[in-house]
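Sequence order for the protein chains is H and F. Using this note's numbering, the first residue of the first sequence is number 9, and each one after it goes up by one. Using this note's numbering, the first residue of the second sequence is number 9, and each one after it goes up by one.
One should not assume that every hint holds.
[As the list claims (entries may be wrong)] List of simulated lysine to any residue pairs, SDA-like, C-alpha gap at most 25 Å:
1) F:K70 with H:T67
2) H:K92 with F:D432
3) F:K498 with H:F163
4) F:K68 with H:T67
5) F:K23 with F:V36
6) H:K346 with F:V154
7) F:K70 with H:D378
8) F:K346 with H:A153
9) F:K691 with F:I652
10) H:K351 with H:D312
11) F:K92 with H:I110
12) H:K597 with H:Y585
13) H:K70 with F:G381
14) H:K691 with H:D680
15) H:K68 with F:E190
16) H:K498 with F:T166
17) F:K639 with F:W703
18) F:K70 with H:V36
19) H:K701 with H:A629
20) H:K498 with F:G167
21) H:K70 with F:R39
22) H:K639 with H:K688
23) F:K70 with H:Q28
[As the list claims (entries may be wrong)] Facing chain H, according to a computed beta carbon distance under 7 Å, are these residues of chain F, among others:
24) K100
25) Q147
26) A148
27) E150
28) F163
29) Y172
30) A322
31) L327
32) F366
33) W371
[Claimed, not checked] Here are the simulated distance ranges between beta carbons:
34) F:E464 with H:G578: 27 to 33 Å
35) H:T67 with F:S164: 52 to 58 Å
36) H:S164 with F:Q579: 33 to 39 Å
Calculated directly from the structure, the hints in this document are not laboratory data. Nothing here was measured: the structure is a model prediction, and the numbers come from that model. Ideal Cβ positions, reconstructed from N, Cα and C, are used throughout, including at glycine.
Listed below, chain by chain, are the residues.
Number of protein chains: 2
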Amino acid sequence: MKANLLKPVLPGVWKVHLGQTPEAFTPVNLRVVPAQEERLGEMPLLSNPPFDLTAIRATKQKRGLLVELALGREEVYGFGLQLKSFRQSGKKKMIRVNSDPISDTGDSHAPVPFYVTSSGYGVLVDTSRYANFYVGAHQAPEAPAVNPVTSTVAFSATGTDALYGSSARTARSVVVDIPHVEGVDVYIFGGPTMLEAVRRYILFSGGGALPPLWGLGIWYRTFGKFNQEQVMALARQLREARIPCDVLGLEPGWQSHAYSCSYHWNPEAFATPASMISELRDLDFEINLWEHAFVHPSSPVYRDMLPLASPSVAVWNGLIPDFSLPQAREIFARHHEKEFINKGITGFKLDECDNSDFISYPWSFPEYTDFPGGMDGEQMHSLFGTLYAQTIWDAFRKNNVRTLSQVRAGHALSAPLPFVLYSDLYDQTDFLRGVVNSGFCGQLWSPEVRQCESVEDLVRRLQMVVFSPQALINAWMVPLTPWRQFDYTKNHAGELLADWQEIEAKVRELFEFRMQLIPYLYSAFADYHFSGIPVCRPLVLDYSQDSETFNIDNQFMLGRNLMVAPMLTGQKSRRIYLPEGEWVSYADKKHFKGRQWIEMEADLYTIPLFVKYNTLLPLAAPMQAIGNDPKFLLTVKVFGSGDIAPFRLFADDGATYSYEKGHYGWVELSWDTQQGGSSKNKKTVPTGRYDIKNWEVVPIVSSV
Amino acid sequence: MKANLLKPVLPGVWKVHLGQTPEAFTPVNLRVVPAQEERLGEMPLLSNPPFDLTAIRATKQKRGLLVELALGREEVYGFGLQLKSFRQSGKKKMIRVNSDPISDTGDSHAPVPFYVTSSGYGVLVDTSRYANFYVGAHQAPEAPAVNPVTSTVAFSATGTDALYGSSARTARSVVVDIPHVEGVDVYIFGGPTMLEAVRRYILFSGGGALPPLWGLGIWYRTFGKFNQEQVMALARQLREARIPCDVLGLEPGWQSHAYSCSYHWNPEAFATPASMISELRDLDFEINLWEHAFVHPSSPVYRDMLPLASPSVAVWNGLIPDFSLPQAREIFARHHEKEFINKGITGFKLDECDNSDFISYPWSFPEYTDFPGGMDGEQMHSLFGTLYAQTIWDAFRKNNVRTLSQVRAGHALSAPLPFVLYSDLYDQTDFLRGVVNSGFCGQLWSPEVRQCESVEDLVRRLQMVVFSPQALINAWMVPLTPWRQFDYTKNHAGELLADWQEIEAKVRELFEFRMQLIPYLYSAFADYHFSGIPVCRPLVLDYSQDSETFNIDNQFMLGRNLMVAPMLTGQKSRRIYLPEGEWVSYADKKHFKGRQWIEMEADLYTIPLFVKYNTLLPLAAPMQAIGNDPKFLLTVKVFGSGDIAPFRLFADDGATYSYEKGHYGWVELSWDTQQGGSSKNKKTVPTGRYDIKNWEVVPIVSSV
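Bound-form chain H, shown alone:
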């Protein structure tokens, strides 16, 4: 091995340059947030790369550059928000941003040219091209048979699945086919464990996003045709009905023009936005505004943006800003700052920034689009979501306001951006898989609840979303809250469900559980930010030595001590894997040994949730909304009777970037079987965020 390859560029991170000069517009070259070098240095020291980096081969082809990396028997995961599959070994994955990724091709709202293997290392190919990763998919021909045609194979397939499933998947390399480039940099992330490899990638990305405290509450996007009065009526109804809610989202109708966007209040439907904002804030609501990046000719920023946008292509008649140009970012951010952030808006939904490859009509810009900064449409599609989110985040940062927002596209290195991904797709299995897969690449994903087919469907979807990074109900298509009427037509007709009050009570209970979890979740986000530990994680990340976890795409770790196994609509029971250790079922307090599969029944209002045995779970008294400088009244639940692991609660102002200057601290909870519970502050700023009301030893029922 060459000496220079032995030396990491950052602790535990190696860089291999292949071919000629790499392209200028790559995720690493365009990054705004720097790598967390110090945090990387705190991780286990690795003196050697995880494999022989000199064995990485690159071949220049007419079509681009071919990169080949050896692969052993390990399993491969990652490639971003893959809704259609989990384990990627044997597959081809095209890293292409797509608004409607209906097939298992790699296409995604947020594909990432990064993978991680079960033997504990990660690989990032730093390109914004639509690279194809062939993960052990193809092998070379073998030598001729010694005795041809003597063997006989009975053909037994009677269906196409049997035919194509028999494909040989024994190749021992990952081949990356990168179009149009002459050279590329590849980054290798050491472990030694799989989780540590992912953590290094996330810290290399800049660390995970830390949302404002209110971002962890309940989100509700209001009906697209609502005017100001109707939004206010809904807001008051939520408070009167004691439905916890922190964020109200306004859909395109708030603007004077959409699609494309004017970024200007609609003077008819929203005549006095300032007073609406003020009334909503008095009710402890945060306000999120929908938009996309395509600038309508009637927009105040159109004239300034014209020379900074693609000169040749418009989308919905709107400009496509070149957000790789600081000046374009500045113009866009300044307008948002002046018109919205300074007036009390704390978040945006950045829609339509992906691409339109599977839609019959290609609404988004083509790959051949030219931009004044030099990118083409292919490169821009890969990075558009990230650059757009960065632009909006810049405006918030300048005003020392934290946001949790939404974005429909992402790519590599987007972990630090406080923007949650979402999709127009809606399959429940896919949405759950999204939660699970998002852990591999430092992404946040919301399995948002929209239309529902039944009360069961509504409840199962709500249960899934309250255990996700963003508990979002997106009711943009219906005027009534979906728990009062799930049926689209009846909802529009104003017809309430016969038993809406009972259902609403159950929904309230569920949302209250989310509110109880906020201190726990906030600490998980702090782990994400400071240590790169994903909030929601596939089991295989934490238990990569256990091959039973290799295919589990419907259970996930939530923070340090919880494991969630959501039930889907139609299920009365489900199989659940309990990994190494011991577990307590939250609902019925049953104790389980680990390393076993169990079949668990759960009625409609129960979601299978497991707590690690011998851990602490702090739960807050539920609030209607987080509001300003909240105080959490905690009940610390003690699960177990032996050597209880301590738990750290994160505290800061929850709303500004002061934590970046060290204004934060931790409350360490610990439990001694003899002496009971105690808490210790470590430089907690502000003090008094957590008030420990009581400690509760959970009575455990023994089980199989």
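Add chain F to chain H, keeping to what the hints say.
This is chain F only, laid out in the frame that chain H set:
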């Protein structure tokens, strides 16, 4: 306009060279069948190109070459076998061969970089790259509004369809984004009508395929697990049940190894193939053998093919022959000739020669694959089906045996190949659209019948297939004929339908109607071959002045005088457009004026079929099979009472390539209201192919 652009390269065909040197491996450069120059010269003389060819622009980009062609208000069609859409204006179409084209993206088994417009010209971009055609899809930004933000647009969408349907589609150019190339040739086909533009493209391709007469009969692919005795039992059963059938197809189990292929009889299941072939031929069955092109190490041709195949990638452990090399074609053809064609096999099903982009596991070769002749995997995918079919066809031509075969991939210029396309997709609407769209680009497509959900589903699918170029029942998944049991499980259990005899009688009737149509269809194929008139054609090709036809993707012209409007499963009635002229409904002999929409009911055993008023329809007495040198006993049906158009029947030996040396003729049928029917032979070889039994004036019922 430059003088050299005014001069066509062939009558009515212009060539425009753009950029630097084009690639070596393009459809035109690799063509085997030459253009039909003489036939092109017989078409209307065009002294000028259909538009200003100097206005075609090309821009070199890093990603490839961008070609821009002006577009007026005309509608655009084509791009090959598009199963998911019909009118392509406003869309993006990627010309990429794909085994599972589930979305309207352009991906297809047989995409073609050719389009034709309603103003009567066609455009072929001669590339084997995955070109993207943006058909009037994107426009440039406009100037800023004079008074920004004064306008207000009420946002009214409450669903995603409404959102994305509003995309502006006003761009006035077709942009072709061709990756990786420096230069390209573009061919322009004049009309002046749309049909004539398509005819010029088909004659440029070499003229349409002329199948052997037996190819127009009924095809039946037998259960994949059948052995020789079971195949024979089925063959005898079909004859005993008097189910017309000309071709039996054997599935992969006939080989000693598949997947990949040995091209060698399975000595256990098919111990004495020679006697089986002989017995089947005695029963007037032609035999078609399934295969794909990937050569298994146990195959007799493996060793010879090894240096002529991709050195780096195998598929299902089999070699990928480089069929661009004459030597590879020769080895493959020689084996087929010696082992199969010389032993009585008259056709093959060339499976799996497309690509696997939407399948979870990429069984086919990747785009980066290298081939000894110099092509890469992207180019090879585009041309693999064509080159493979050409290879097999070579073997037949060398033995002066005509074939009609099957192939699962195609591209440009494949009209002369006697290979019919098919798909693993199965949506009825898509299958019908395939029949319609195949007319734009000189393709043959079979909406084959496989599994069925009900008797209705079976019958509706059979009705569609008997009016298609290839009447194929593909029962590879089930042992019993589907009309004895459509249900997969019950079929495997040997359980007959209670009323199978009635259903079989109806199916027999339907197949007999197909057999009656053979002289008419054969003449339509002769028109396809000699004049480039597609056998199945969208209405818009014949009636492009009538904008009502612009979106009709579920009716089609069949030959010169018939129009078919199939009913789909679940339909009790359907809307049908009757274009200019007058029409007679075949079932109830009702007379209709043209240029109107009608709603037509049809019971399960009726398919809406219309005959042009004042035309002749020759129908043959149905046979069980075409057999050797058939004689057709004709009833010529006279539809109308005025100036009846004459009809030409094509005649040749129906089995060899003698027609290429002029050994063919026409029988001209004409009808005089006073004097009755008469027929005139024009150099008919052989004489006596058609025996006109009687002339029947169809009693027409007047209607709306």
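To see whether the hints hold, each was checked on the structure:
Note on K70 of chain F and T67 of chain H: the hinted pairing holds, with a Cα-Cα distance of about 19 Å set against a maximum of 25 Å. Of the supplied pair hints, the one linking K92 of chain H and D432 of chain F holds, its CA atoms being roughly 21 Å apart against a limit of 25 Å. Our distance criterion of 25 Å between C-alpha atoms is met by K498 of chain F and F163 of chain H, whose separation comes to about 21 Å. Pair hint K68 of chain F plus T67 of chain H holds up; C-alpha atoms about 24 Å apart against a cutoff of 25 Å.
Note on K23 of chain F and V36 of chain F: the hinted pairing holds, with a Cα-Cα distance of about 12 Å set against a maximum of 25 Å. A hinted pair counts as satisfied when its Cα atoms are at most 25 Å apart, and K346 of chain H with V154 of chain F qualifies at roughly 22 Å. Between K70 of chain F and D378 of chain H, the direct Cα distance comes to roughly 11 Å. Compliance with the 25 Å bound is thereby established for this hinted pair. As the CA atoms of K346 of chain F and A153 of chain H are separated by approximately 22 Å, the hinted pair is consistent with the 25 Å bound.
At roughly 23 Å between alpha-carbon atoms, K691 of chain F and I652 of chain F fall within 25 Å of each other, so this suggested pair holds. Between K351 of chain H and D312 of chain H, the direct Cα distance comes to roughly 22 Å. Compliance with the 25 Å bound is thereby established for this hinted pair. Under the criterion of a C-alpha separation no larger than 25 Å, the hint pairing K92 of chain F with I110 of chain H is consistent with the structure, at around 15 Å. For a cut-off of 25 Å, the pair hint linking K597 of chain H to Y585 of chain H stands: about 17 Å separates their Cα positions.
Only pairs whose Cα atoms come within 25 Å are accepted, and K70 of chain H paired with G381 of chain F is accepted, the gap being roughly 15 Å. This hinted pair checks out: K691 of chain H and D680 of chain H have alpha carbons roughly 23 Å apart, not beyond 25 Å. Proximity of K68 of chain H to E190 of chain F is assessed by CA-CA distance (about 17 Å); at most 25 Å being required, the pair is judged to hold. With a C-alpha separation of about 14 Å, the suggested pairing of K498 of chain H with T166 of chain F holds against the 25 Å cut-off.
Under the criterion of a C-alpha separation no larger than 25 Å, the hint pairing K639 of chain F with W703 of chain F is consistent with the structure, at around 17 Å. Restraint check for K70 of chain F and V36 of chain H: the C-alpha separation of about 21 Å stays at or below 25 Å, so the hint holds. Taking the CA atoms of K701 of chain H and A629 of chain H, the gap is near 9 Å; set against the 25 Å cutoff, the hint holds. Under the criterion of a C-alpha separation no larger than 25 Å, the hint pairing K498 of chain H with G167 of chain F is consistent with the structure, at around 16 Å.
For the hint pairing K70 of chain H with R39 of chain F, the CA-to-CA distance comes to about 23 Å; that is within 25 Å, so the pair holds. For the proposed pair K639 of chain H and K688 of chain H, the alpha carbon gap of about 17 Å is at most 25 Å, so the pair holds. Proposed proximity of K70 of chain F and Q28 of chain H is supported: the alpha carbons are some 15 Å apart, at most 25 Å. A least Cβ separation of about 4 Å between K100 of chain F and chain H falls short of the 7 Å threshold, and the interface hint therefore holds.
Given hint, Q147 of chain F at the interface with chain H, holds; its Cβ is 6 Å from that chain's nearest Cβ, closer than 7 Å. With a cut of 7 Å, the hint placing A148 of chain F at the interface with chain H holds, because the nearest CB-to-CB distance is about 5 Å. Interface restraint check for E150 of chain F: the shortest CB-CB distance to chain H comes to about 6 Å, inside 7 Å, so the restraint holds. Look at F163 of chain F: its Cβ gets to within about 4 Å of chain H, closer than 7 Å, so that hint holds up.
For Y172 of chain F, the suggested interface contact is upheld, since its CB lies about 6 Å from the closest CB of chain H, less than 7 Å. Checking A322 of chain F against chain H: minimum C-beta separation of about 4 Å stays under 7 Å; hint holds. Restraint check, L327 of chain F versus chain H: the minimum CB separation of about 5 Å is within 7 Å; hint holds. Restraint check, F366 of chain F versus chain H: the minimum CB separation of about 5 Å is within 7 Å; hint holds.
Satisfaction of the interface hint for W371 of chain F is found here, the shortest Cβ-Cβ separation to chain H being roughly 4 Å, below the 7 Å cut-off. As the Cβ distance of E464 of chain F to G578 of chain H is approximately 29 Å, the hint placing it in 27 to 33 Å holds. Range check, T67 of chain H to S164 of chain F: Cβ separation about 53 Å, and the 52 to 58 Å hint holds. At about 37 Å, the CB distance of S164 of chain H to Q579 of chain F agrees with the hint of 33 to 39 Å.
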